[in-house]
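Participant: The chain contents come next:
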Amino acid sequence: EMVLTQSPGTLSLSPGERATLSCRASQSIAGNYLAWYQQKPGQAPRLVIYGVGGRATGIPDRFSGSGSGTDFTLTLSRLEPEDFAVYYCHHYGASPAFGQGTKVEIK
Amino acid sequence: EVQLVESGGGLVQPGGSLRLSCAASGFNFSNYWMHWVRQAPGKGLMWVSRINDHGSGTRYADSVQGRITISRDNAKKMLYLDLHSVRAEDTAVYFCARPMATIRGAFDIWGQGTMVIVSS
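As they're listed, the protein sequences go chains X and Y. Sequential numbering from 1 applies to the first sequence in our numbering. Sequential numbering from 108 applies to the second sequence in our numbering.
Quick caveat, the hints were computed from the structure, so don't treat them as lab data. From a predicted model like this one, the values you see are computed outputs, not experimental measurements. It cannot be assumed that every hint is accurate.
Stated by the list, open to error - Partial selection, computed: residues in chain Y whose CB lies under 8 Å from chain X:
#, residue
1, Tyr187
2, Pro206
3, Arg211
4, Trp217
5, Gly218
6, Gly220
Claimed, not checked - Using 30 Å as the maximum straight-line C-alpha spacing, the simulated BS3-like pairs for lysine-lysine come out as follows:
#, chain 1, residue 1, chain 2, residue 2
7, X, Lys40, X, Lys107
8, X, Lys107, Y, Lys184
9, Y, Lys150, X, Lys107
10, X, Lys103, Y, Lys184
All C-beta atoms, glycine included, are put in the ideal place defined by N, C-alpha and C.
All chains should be built: construct the whole structure from the sequences, respecting the hints.
Facilitator: This is the structure in structure tokens:
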């Protein structure tokens, strides 16, 4: 069973700062089947990154994803007010799994 | 417009049953494997189940295996999730989700969710 561990649990930053979110998998992820979602209170998750580094439709280029094997990163180069939310990584393998989430909050 | 709309949530007593529905529109539903994901209050996302395009293949998270049944009606463009012998820990918002690619992909389309509360 795949387990995804995200860190940190909470990231307190100011608008304009850089955010770096980590997702570590318990097993190597093949096929680049790793995605990131943004979720705001009361809303459904929104796909941000797919295939490790592909930006979903409408996602600005300040969002980028990288990594391989068991270690993956979501980077927000310059935080905008609308970026403060919870972010989840997701392995969409044969048995999908989500990380527990990282909250990006305003400092 | 590509859309998923869930319904059927509500209050159910422990040990009871409930059927959740997800109506799809704006895309060729019968080509896509489909998923259910849930989120307990204040908690993270948990993948629950998936069904293949024909409805002949299903998979479940270990924690719900045997108590939840996923099914679909391609003619009606409907996805279902039957909850049986519900427990307090089944209390959650249940989302249906569609992958980007027809068989396997990141979930690019989500419904708005339907809330299930298990309580006496």
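Participant: Which earlier hints turn out false for this structure, listed by number in ascending order?
Facilitator: 1, 8 and 10
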